[in-house]
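Undergrad: Protein chains in written order, with my numbering: chain A, 5 to 114; chain B, 344 to 458.
Each statement offered as a hint is correct.
Which stretches of chain A does chain B cover? Using the computed rule of at least three CB atoms under 8 Å from a CB of chain B, they are:
(1) 41 to 47
(2) 105 to 114
Which chain A residues stay away from chain B? Per the calculated CB distances, all over 12 Å, these:
(3) Leu15
(4) Ile17
(5) Gln18
(6) Glu21
(7) Thr24
(8) Thr31
(9) Glu59
(10) Leu65
(11) Asp70
(12) Ser72
(13) Thr81
(14) Ala82
(15) Arg84
(16) Ala85
Hints listed in this document are in silico derivations from the structure and should not be mistaken for laboratory results.
Every value quoted in this text rests on a predicted model; they were computed, and no experiment measured them.
Ideal Cβ positions, reconstructed from N, Cα and C, are used throughout, including at glycine.
Residues per chain are reported as follows:
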Amino acid sequence: SQQGEEDPQALSIQEGENATMNCSYKTSINNLQWYRQNSGRGLVHLILIRSNEREKHSGRLRVTLDTSKKSSSLLITASRAADTASYFCATDAQDYKLSFGAGTTVTVRA
Amino acid sequence: DGGITQSPKYLFRKEGQNVTLSCEQNLNHDAMYWYRQDPGQGLRLIYYSQIVNDFQKGDIAEGYSVSREKKESFPLTVTSAQKNPTAFYLCASSPVQARSYNEQFFGPGTRLTVL
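Chain B on its own, in the form it takes in the complex (with noise of 0.2 Å):
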């Protein structure tokens, strides 16, 4: 079956560790993305990449970091320096054929929980 996976489902975090949530796709998109979902909330981008070895900062980057370095695999880590890191997380790819037609794919999610 093609698609995205996320791993873990559920994870809790105490205070001033880092984690690291993973993203995989098989799909052969170039794009990947990460989104944070707070409760009745829309979805909010973190960090995007277009191809292996480059990635950009979304509009909430800030104590979040990625790596890209197979096309396939997409990882975040969140980091003690996020203040407010409970919350669902949600990876996403898209082919990018077409500039405009960016449907994008989503993963199941990973809900973080800092104890």
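Looking at chain A on its own, in the form it has when it is part of the complex (with noise of 0.2 Å):
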């Protein structure tokens, strides 16, 4: 079952522009990371944060999460288009399983 639902599904952006994206999930959770897949390919992990913590930067990337809200941001500053692909949320669930949300497309224009 997917716990993790990002919003939107499709965004298009100028380069230079930033990207902003939202997880949300149902039930409690350990940590929630974020993967990035290219057209075509496999999964590349981008950031993990934990339940425990409120924010957290890696290079262009920040993400964010509200526990009591149950739902997490990516944004990505100054896009580029290499950054064109599907970000997809990932939530722990028992027994080292991850569950998915559909992702959200970002396109970057030139």
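Each chain sits in its own coordinate frame; assemble them with the hints.
TA: So, in structure tokens, the structure goes:
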């Protein structure tokens, strides 16, 4: 079953702009992860935020987590054409499993 | 190079045939996973294995089978019982040092098409 739901489903921005996408989930979690998938490829892990953390940065990525609202956001600053991809949030479940959302497709226009 | 390999990249199957998708990792990870991805959708878990010679059903195991005879290998068989097997199949692995921190490493995927 899919616990995470990303919003929006698709996002188109100009190069240099920021991109923000959100993830909502239903049950309590230990951590939340974000992954990127280029078209027709496997997923690449971007960042993991633990349930006791509120914000985390990695390069041009900023992730927030609000456990009271059961939501997370991923911000990509100063976007580049290479950021064009689908982005998925994943929440941990029991027994080492992850539950993935349907993803946000980001298109960065030159 | 350490990583996960999947083969073949593209696979075509006739209806009624079983096919096996290969997944190999040299990351020394204990856990391995198989996911199915349909167009515009997220990943759905088919099977997973935390240790050699043991595996568990995921959310959509019907019509699929797996084996885990070696730590490095986790092949997936799509049987003729799977009614709609055309999809993109992704294999992943993760270390099992800490229960909660299970970043997964993905292979490049196999695109299966039923003719």
